[in-house]
Amino acid sequence: MSALRALGRALRGAGRFLRRDKKALVGSIILFVLLMIAIFPNLFTPDNPAAEIYTPGAGLSWAHPLGTTSFGQDVFSQLMAGTRQSVFIALIVGLLSTVLSVVIGITAAYSGGVVDDVLSLFTDVVLVIPTFPLIIVITSYVKSASFWLMVAVLVFTGWSYGARQLRVQALSLRNRDYLLAAKARGESTWYIVAVELIPPMTSLIVANFLGAALYAILAASGLQFVGLGNINTQSWGTMLYWAQNNEALATGLPLWALAPGVAIAVLGSAFALLNYAFDEVANPALRPVAGVARRRRRPRARPVKVGVSDATLSEVSA
Amino acid sequence: MRYLVRRVGFLLVSLWAALTVNFLIPRLMPGNPAEAMMAKFHGHVNPSALKALEVAFGVNTHESLAAAYVAYINNTLHGNLGISTSYFPLPVRTVILRALPWSLGLVGVATVLGFIIGTAIGAIVAWRRGGVMDAVVPPTFIVISAFPYFWVGLLFIWLFALTLNWFPLLGGYSETVTPTLTWSFVGDILMHAVLPAFTILITSIGGWILTMRNNMITVIAEDYVKMARAKGLKERRILWHYAGRNALLPNLTGFAMSLGFVISGAILVEYVFNYPGVGFMLLQAVQSEDYPLMQSLFLLITMAVLLAIFLSDIATAILDPRTRSST
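In order, the protein sequence lines correspond to chains A and B. Residues in the first sequence are numbered from 0 upward in steps of one, following numbering that gives the first Met the number 0. Residues in the second sequence are numbered from 0 upward in steps of one, following numbering that gives the first Met the number 0.
Treat the hints with caution; some may be incorrect.
[Said to hold, decoys possible] From the derived model, a few chain B residues whose C-beta atoms are all more than 12 angstroms from chain A:
#, residue
1, 67
2, 89
3, 271
[Claimed, not checked] Chain A stretches covered by chain B per the calculated footprint, using a threshold of three residues with CB under 8 angstroms from any CB of chain B:
#, region
4, 82–95
5, 212–223
[As the list claims (entries may be wrong)] Computed far set for chain B versus chain A, every beta-carbon distance over 10 angstroms:
#, residue
6, 76
7, 166
8, 232
9, 259
10, 317
11, 321
Note that these hints are calculated values from the structure, not bench results. For each residue, glycine too, the CB sits at the ideal point set by N, CA and C.
From just these sequences and the hints, can you work out the full model?
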């Protein structure tokens with residue numbers, strides 16, 4: 000029962016967050032729609048995306064809302080079918096690199112001493128080596144990178160920024176009284192890290208997941224665009240590869256090349272908007288100040304409520 | 000002083016890490032494709048050059064990994080990077096030196112300009128907090144920063160080169176113009192640089208704006224800014240000399256950390272525009288399986304980024320007396 004109640008509380012909290020923050024609301028809606036397309040692509044795909052059965056290079060029409068490719072494939076169907084790989088790569092890489100960031104960042108901060116020195120140096124070195132050239136070199140030896148190889152390479156190159164941020168925040172929490180109290184009670188390290196240390200860091204961890212997912216979709220589509228992914232699978236990046244190799248822009252088929260880019264940008268914007276909203280949760284100083292300005296202008300008409308807002312009250316009671 | 004020593008130490012460690020990664024990658028990959036490449040060389044290259052290539056890629060070597068590693072480091076430090084297969088028989092060094100000025104000119108200038116303009120906009124937006132600019136600029140650039148660099152390049156090509164015909168389509172300069180030091184040639188180069196430079200500028204600027212805005216918001220709340228206001232200093236002086244200068248410090252660190260990301264995007268921008276720089280050459284080397292050229296370019300790009308990070312560390316030390324005097 001208490002688990003159900005906690006879930007209800009979390010959902011109510013999320014609902015309040017979305018109502019208050021338009022950036023988060025827009026980002027969540029985009030992400031939800033793309034996730035639906037990624038999970039059930041057949042509901043949204045009118046035609047077989049690979050079938051070369053239509054008039055090559057056809058313009059816009061009701062049958063082909065985005066025209067056809069120079070091979071006679073339906074661009075809209077390709078776009079829908081490509082959603083799955085692009086969205087999944089972003090989410091999986093985001094998730095795995097966040098796990099790696101949390102493990103390395105918190106281990107460094109919590110252990111301190113030599114462990115911290117070594118892990119921090121390692122994090123910084125991985126951080127400064129430019130990742131994209133490195134990924135290019137690695138994948139070029141494999142010729143066409145499979146889905147999971149790409150995930151592995153992107154995770155390996157994408158965790159360091161988050162680990163660095165999480166380490167700094169964990170360091171600042173390390174000597175707080177409630178952590179020292181937990182230690183004095185004789186709690187195990189696992190308990191302290193999982194129950195006392197990680198929960199206050201949730202918003203930063205979520206922000207890191209979103210940043211890593213954004214990095215993943217941009218890097219993955221860049222790789223696929225230059226032909227280093229598996230060019231025979233359906234994804235937005237490989238669409239761009241085929242469009243570029245057949246000079247879609249110069250041959251009057253700009254939508255073939257521009258549509259997948261818009262799709263990448265829409266997914267990326269969803270991550271970026273949510274990331275920005277979570278930044279504001281993590282750092283209250285960044286929250287919009289429009290309300291403050293209004294209050295200053297009309298001090299008498301609406302007396303300033305000294306004390307706590309509804310949101311903070313419910314947070315306290317929760 | 001201690002700060003400087005630490006930064007030099009970090010530069011050396013990261014350089015060593017890059018060298019080592021570069022050494023290990025061909026050896027860790029299943030079925031070394033460099034072997035096929037080496038076969039092409041037999042009989043065409045003098046034995047000592049062949050030997051150097053074998054050391055670099057771990058082909059036909061009966062010596063231990065450690066010995067190969069020492070020889071590889073030695074070769075690289077002496078600038079002995081091997082021979083390019085796609086530009087055969089030119090040495091890799093010569094080929095790279097041709098592409099380097101193009102990238103330094105385009106990517107270097109665009110990146111630094113983006114940082115300066117973005118930082119200035121971020122400072123102003125934060126100063127006018129809650130104003131119209133603050134409501135419009137950050138969300139706009141959040142969205143723009145989510146666009147793939149290369150796709151913005153494609154869009155510009157389609158819009159400004161193909162549809163409007165304002166700028167040339169591809170390359171670093173027109174094939175019809177003879178490369179001499181005349182005004183018309185310089186103008187031709189600049190016209191070719193406009194679209195790729197704008198692509199890099201527009202996609203990289205958002206990050207600097209957002210981080211600078213967030214830093215400024217924290218700094219503006221500080222007591223010394225209130226003090227400056229109380230003293231009746233001019234707004235502009237407080238903005239740039241009090242708040243801006245201090246908010247810039249974390250942004251410089253951010254510059255160092257995001258530089259690799261910007262350079263990565265710039266590689267694809269060069270590729271889209273067929274710009275004759277290092278990034279385009281890297282992708283061409285991948286496509287023509289020119290492994291010596293590819294690996295040397297990876298090293299070069301990495302070194303450039305590491306040096307730029309080092310320079311921004313030095314700039315931090317100059318701007319922030321605390322780093323100089325701290326223990």
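**Request:** Compare the structure with the hints numbered earlier in the document and write down the numbers of the violated ones, lowest to highest.
**Result:** Hints 3, 4, 9 are the ones this structure does not satisfy, whereas the remaining hints hold.
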